[in-house]
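Enquirer: Okay, here's what each chain looks like letter by letter:
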Amino acid sequence: MRMALALLLVPATGLVADITVDKPIIPLAPPGAMVHAAYMTISNTDDVVKQLVGVSAEGYAMAHMHKTEVKGDVATMLAVDVLEIAPGQSVVFESGGLHLMLMHPEAPARVGDTVALTLEFSDGSTDAVSAKVVKMIHGGHGSQGDHGS
Amino acid sequence: MKKLAALLLALVATPAAAQVQGVMLDAPVELPDFGFTNELGEEFTDKDLEDQWTIVMFGFLSCPDVCPFTLGNLEAAISETGLRVRPDNVPNVVFISVDPERDAAFVSEYAKFFHPEFESFTGDREQIDTLIEATDSFYRLLKPDHTGHYEVQHSSSVSVIAPDGTLRAKLQPPFDPGATAEFLARLQITYRKELSN
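If you're matching them up, the sequences are chains A and B in order.
Counting from 1, one number per residue, gives the positions in the first sequence under full-length UniProt numbering.
Counting from 1, one number per residue, gives the positions in the second sequence under full-length UniProt numbering.
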């Protein structure tokens with residue numbers, strides 16, 4: 001019994017980072033989209049710099065950190081290998097900037113689904129994030145997920 | 001003076017309205033003949049430009065951020081435009097995929113997801129290049145990574161084509177719906193004035 005309790009206290013993902021994640025959402029993808037995005041705000045609550053070095057998404061073949069860059073009139077997506085988050089800093093993943101790119105879903109996500117994401121840090125710690133699939137409402141000040149567009 | 005102060009305050013209080021949402025071209029640009037299709041057999045050709053306003057956007061379906069953002073905001077902008085112009089002057093929005101190799105099999109569904117009347121097509125590379133060049137737009141397929149995945153660079157602005165089939169303006173991000181609708185309404189007034197002269 002004591003052992004079972006001990007096991008319960010050990011997170012399944014191993015080391016847990018001192019990280020908080022707010023409003024993790026996945027805008028509902030258009031039909032046929034084999035690639036879509038996840039957005040959120042990641043805050044470093046630790047007193048040391050955290051380096052986000054990877055991400056994985058359950059039900060997807062691959063997930064990457066990406067950044068949209070618009071130079072002049074040309075939009076380019078850049079892969080981000082390492083994202084440094086200073087102590088106390090919050091990094092916003094949002095349209096037109098940083099996003100997690102989820103590739104090749106096993107099945108199309110539906111509104112209300114949750115997708116299990118794992119953020120991986122350079123110190124070996126991880127953070128489990130449950131991102132909700134929402135229908136984005138553009139033009140106002142957010143979506144059902146209260147994500148600014 | 002009071003009026004001016006109020007106006008200045010209004011400008012400060014609404015930064016979105018101060019953003020440039022579009023650029024009217026100094027002179028209209030004639031467009032060449034072109035033809036695009038989708039997997040339903042629907043066509044979009046230069047003939048479809050006649051007698052209606054059209055907004056053409058280039059993109060690709062494996063675009064997680066920019067294309068959904070643009071089409072989502074265009075949907076909101078078109079709804080706003082509907083409040084400002086006659087129903088037959090509300091622009092038709094057309095999405096052209098520059099990535100037919102990956103997208104041709106289901107391209108028609110993409111734009112409809114954002115608005116039931118938005119249409120999407122793709123076509124031969126030559127046709128894509130023709131319309132890209134004619135609208136002073138840009139795209140480039142980047143080198144595939146080790147998994148075969150490739151990114152596509154493309155114009156973030158979209159083209160506005162008048163009912164006479166000429167390119168008249170470009171809309172630019174962030175596509176604020178109210179300001180974009182305002183820009184389109186002003187563009188149409190300018191166009192009508194020009195026709196009546």
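Don't take each hint at face value.
Covered stretches of chain B, going by a simulated chain A footprint (3 or more residues, C-beta under 8 Å) [what the hints assert, rightly or not]:
1) 22-36
2) 61-68
Capping the alpha-carbon separation at 20 Å, the derived lysine to any residue pairs in SDA-like fashion look like this [unchecked claim]:
3) A:LYS67 to B:PHE34
4) B:LYS143 to A:SER130
5) B:LYS143 to A:ASP81
6) B:LYS143 to A:VAL74
7) A:LYS67 to A:GLY96
8) B:LYS143 to A:THR76
Note that these hints are calculated values from the structure, not bench results.
Each residue gets a CB set at the ideal place from its N, CA and C atoms; glycine is no exception.
Enquirer: So, for every hint listed, does it hold in this structure?
Expert: Each hint, compared with the structure:
no.: 1; hint: 22-36; in the structure: violated (count 0)
no.: 2; hint: 61-68; in the structure: holds (count 7)
no.: 3; hint: A:LYS67 to B:PHE34; in the structure: violated (34 Å)
no.: 4; hint: B:LYS143 to A:SER130; in the structure: violated (33 Å)
no.: 5; hint: B:LYS143 to A:ASP81; in the structure: holds (18 Å)
no.: 6; hint: B:LYS143 to A:VAL74; in the structure: holds (17 Å)
no.: 7; hint: A:LYS67 to A:GLY96; in the structure: holds (8 Å)
no.: 8; hint: B:LYS143 to A:THR76; in the structure: holds (13 Å)
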